[in-house]
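**Student:** Mapping of the sequence shown onto mature numbering (1 follows the signal peptide of the UniProt record, and there is no 0): residues -31 to -1, 1 to 445, in sequence order.
Bear in mind the hints are in silico, worked out from the structure with no lab data behind them.
Heads up, the beta-carbon is just placed ideally off N, CA and C, and yes, glycines get one too.
Wrong hints could be hidden among the right ones.
What the hints assert, rightly or not - Once the Cα atoms are required to be at most 25 Å apart in a straight line, the calculated SDA-like pairs of lysine to any residue come out as:
1. 139 with 387
2. 211 with 265
3. 381 with 392
4. 324 with 352
What the hints assert, rightly or not - What follows is a set of in silico ranges between Cβ atoms, one per label pair, in the way DEER data are often shown:
5. 381 with 30: 52 to 58 Å
6. 395 with 375: 39 to 45 Å
7. 405 with 250: 24 to 30 Å
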Amino acid sequence: MNLLNKPTATRRLFALIGFLALLAVPGAAFAADGQSQALTSDDVLFYVNNTWMLVATILVFIMHMGFSALESGFTRAKNTVNILFKNVGILAIGILTYALVGFSLMYPGAEAAGGVFGFAGFGVDPGAEGLTAAYNPGYTYWTDFIFQAMFAATAATIVSGAVAERIKLKPFLLFSALYVAVVYPIVGMWHWGGGWLAELGFYDFAGSTIVHSVGGWAAVAGVMVLGPRLGKYTDDKINDIKGHNLPLAALGVFLLWFGWFGFNGGSVLSADPAAVSTVFVTTSFAAAAGIAGAMVTSWIVQDKPDLGMVLNGALAGLVGITAGADVISAFDSIIVGGVSGVMVVLAVLGIDRIKLDDPVGAIAVHLVCGIWGTLAVGIFAPGQAFLPQLIGVAATAAFCFSTSFALFTAIKAVMGLRVDEQEELEGLDIGEHGMEAYAGFQFEPQPALEVPRRPVHEPQPALAPLGTTAQAPAGE
């Protein structure tokens, strides 16, 4: 089916993007002297591609709203301010450190092609102007930077959920800065920057490994160094510490799914309607199948359908398809998403059994399903080999876990990592920030309402016939 010959919603969407692109570019149709100047087809394509990638950047930014809501909802009310502060801080730190160091590490230039490490210098290109082309001439340098910066911040956000409710704020922000500035860009350079994994034939379209597994391995290291929350594991028993707001968590998942259209769709790096619409479909199919897989699995394993598992099932499907959203067929994307949904439930339960305390299920979603999605490219995608995918997964695991564990251990030795017991019990909102998210509200279970019942021996009053007035019993 030729999408360009059908009046579909997708075609109309990209026509609108193209129209807005032309309106948004001053001087697109007129020269500096005011004389009309015809746009070439290359000019139009350049403007449309840039506009779509900037829209995708906005969608990826919205994902940070989703992460904030999801993490807040899955944790206790007394830690909500801390959760939100970390997510805001990660975004700010991520953009600035990626500009200072990360972008040049990730895209060092042609001289580092096929290598393990390269560096183009501190800071972004000071000579880049508004229409300066990126290494890919299809869009501008600044479009490329801001789109990639949003991805970089995502890796640290994944860690935030896994270490929630017991980590000190300053050490966490320091770790996030170092991780986004150095660790994430080096792995990204291996593939997206033309490094050795790209030469090997490894393929990761939008980051099942490069973003999600990179964050997932750091989450494992952080949880191991930090230890579980107080009361989570007692006498070989796993205690369920429930989050305070499932509606907020559900809203977060919807925002993440919405943003994922930019995360995956923007990774096409153009506004090609055939490619972008295909990615939209595989992304949605995988998310839907992830929900179905998690729903059925949790229903079987836990006897009841678990909303928390289902929400993570949607994210599991999205993470799983991210590596191959453009090369895996629509049918196979359902398989990838369905398997992700099953895996996330089993992984959440299994991770709990080995006493790795992850309040939001970040390790199961981003690491386990990120690995699966990357390997699935070698299984389902035509022309993609399995061995390079396996090597890429193993190399990422070795580098990211070792560096993350070393960073967390060093930070713990120098400035401490975990809040004290009293602060953890009272909540990090008061201890770390001196404020509450819900001042004046109490989150306590309400007692069941008792409906007064008439004694059995007490006679029931007779109903008065219609049109008459009931008489009171004698003596009243």
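**Student:** Give a verdict on every hint.
**Tutor:** Here is how each hint holds up against the structure:
no.: 1; hint: 139 with 387; verdict: holds (10 Å)
no.: 2; hint: 211 with 265; verdict: holds (21 Å)
no.: 3; hint: 381 with 392; verdict: holds (17 Å)
no.: 4; hint: 324 with 352; verdict: violated (40 Å)
no.: 5; hint: 381 with 30: 52 to 58 Å; verdict: violated (32 Å)
no.: 6; hint: 395 with 375: 39 to 45 Å; verdict: violated (31 Å)
no.: 7; hint: 405 with 250: 24 to 30 Å; verdict: violated (44 Å)
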